[in-house]
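In order, the protein sequence lines correspond to chains B and Y. In this text, residue positions in the first sequence follow my numbering: the first is 1, and each later residue adds one. In this text, residue positions in the second sequence follow my numbering: the first is 1001, and each later residue adds one.
If you're looking for bench data, these hints aren't it; they were derived computationally from the structure. No incorrect hints appear here.
Okay, derived cross-link-like pairs now, BS3-like style, lysine-lysine, Cα gap no bigger than 30 Å in a straight line:
| no. | chain 1 | residue 1 | chain 2 | residue 2 |
| --- | --- | --- | --- | --- |
| 1 | Y | Lys1098 | B | Lys175 |
| 2 | B | Lys173 | Y | Lys1098 |
| 3 | B | Lys173 | B | Lys95 |
| 4 | Y | Lys1023 | Y | Lys1098 |
| 5 | B | Lys174 | Y | Lys1098 |
| 6 | B | Lys175 | Y | Lys1075 |
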Amino acid sequence: MSAERPAPAPGAWLEARRAVERVVRDDGGRVLAGLVRSLGGSFVLAEDAFQDAVAQALERWPVDGLPANPAGWLVVTARRKALDRLRRRSTRQDKQAELELAARLDQAEADEEAPEIPDERLALLFTCCHPALPEEARVALTLRAMCGLSTPELARCFLVPEATLQQRIVRAKKKIETSGIPYRVPALPELPERLSSVLSVIYLVFNEGYAATAGGLLRTDLCEEALRLGAILEELLPEEPEVAGLRALMELHHARRAARVDAEGVLVTLEDQDRSTWDRATIERADARLKTALARRRVGPYQIQAAIAAVHAVAQRAEDTDWWQIVGLYDALRQFVPQPVVELNAAVAVAMAAGPEIGLRRLEQPAIAEPLRDYHLLHAARADLCRRLGRVEEAAHHYREALARTTNASERTYLERRLASL
Amino acid sequence: MQYLLLIYEDESVAKDMSAEQNKDLMDRYFAFTREVREAGALLGGDALHPVASATTVRVRGGRATTTDGPFAETKEQLGGYYLIDVPDLDAAMAWAAKIPAAETGSIEVRPVMIFET
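The shape of chain B in the complex, shown without the other chains (with noise of 0.2 Å):
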């Protein structure tokens, strides 16, 4: 059979497969959002099913050509290679799934060339954020189902052997299916809880992403993910201010990307940091978003902390930042986020405001010194403070304390600079 066909032309593999990359980048969140409403709610059936119908794609469209509607083929093509999966299974509970389906199916054969895909990509979003998932497992099922990043791209973001990563989703898809987590929106009284998990996974990913520019990793496009989840949220979520918030404040951190490392690609402080190539209309773009988010009246934690980011962002010389301000935000944020990591920073502002003197008295209180005790940045703040004082062998001290606690190449060179410049 597969003689008769003409094989294809050269160059029209590697153009088809563009295409396929292309769909399931732009469109496969809607795909796969739309396939698991329609096959009934099964997160896991669609996404096989998704998966078995991109490699049809890369087998067919070569030879075939690009289809008219590719997204339109594509669900078209899931829905058939679902029906052939529940055919394959055998158990009577799946006869009935696989009626319903044929029944469902031949509904669907009607509109076959076009196919409409109602956008359910929130309720996808919700159940591959849910609670009762292990998180590094909601942000791979968030990045595969909703950006269409692949096993192995995902594997080189986090720098895990493909192997982890693969048994990471295949575990968390079968306590979808076992646990029963629901495929849809959660109702408004859960809402606030479950949507404080999807906004820290989209968090997570950038600061993945955002860590790894410091780390001399190119992973930078971790962050293009998490901003275009967070695009994607906020039109899906228009009147949720906290959406628009962490939007606000991904796109603060992002518009500082060029200036964050220097051409060794050693961290570069934001006191230091040449603002001259901040990137100013993401800005702009940022602080009307947080403008328009904090007149909603409904403040939380990525509101705040997006409004700190745009303290520093509009200051136009780092002696020009108004760090009473930030220090008032940090009073705010510790109400929604008691940690000892935020008591740290909005310590570190109150010696920026007040002097390096009150600054160190706030670092040694047991809320902050005690939980931290080995985080490397209380040991830096201290030595920073203590530079700033002049008390040069109490910094040297503290330094070599914050070295011996971070492995991070980019942060143990640069405070390895700041020891060296006493």
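For this one, chain B is given, so just place chain Y on it according to the hints.
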């Protein structure tokens, strides 16, 4: 779907309760049980005697050994359970959060495996 809600709690807390506190707690459990039953979700549920009453039996190589005490010594002990039938995990989690012990101990939510006969 059926879920078993396993109630884990530090038994010593209950031991130190006054009669009045104990009655309050029991009233809360009765109220919870009534609520699940009236919602049509309750399949069963029981409280268990403390682990001091537990006996663990193992058969190895055809020989039974019996030991006094629970299967594993833990900080929180299995003190009771509810068996419920609800549409999905979110619903099961919502019921679990309403069990009085959720505030002091932990509720483990486990889907029940149904075998085809």
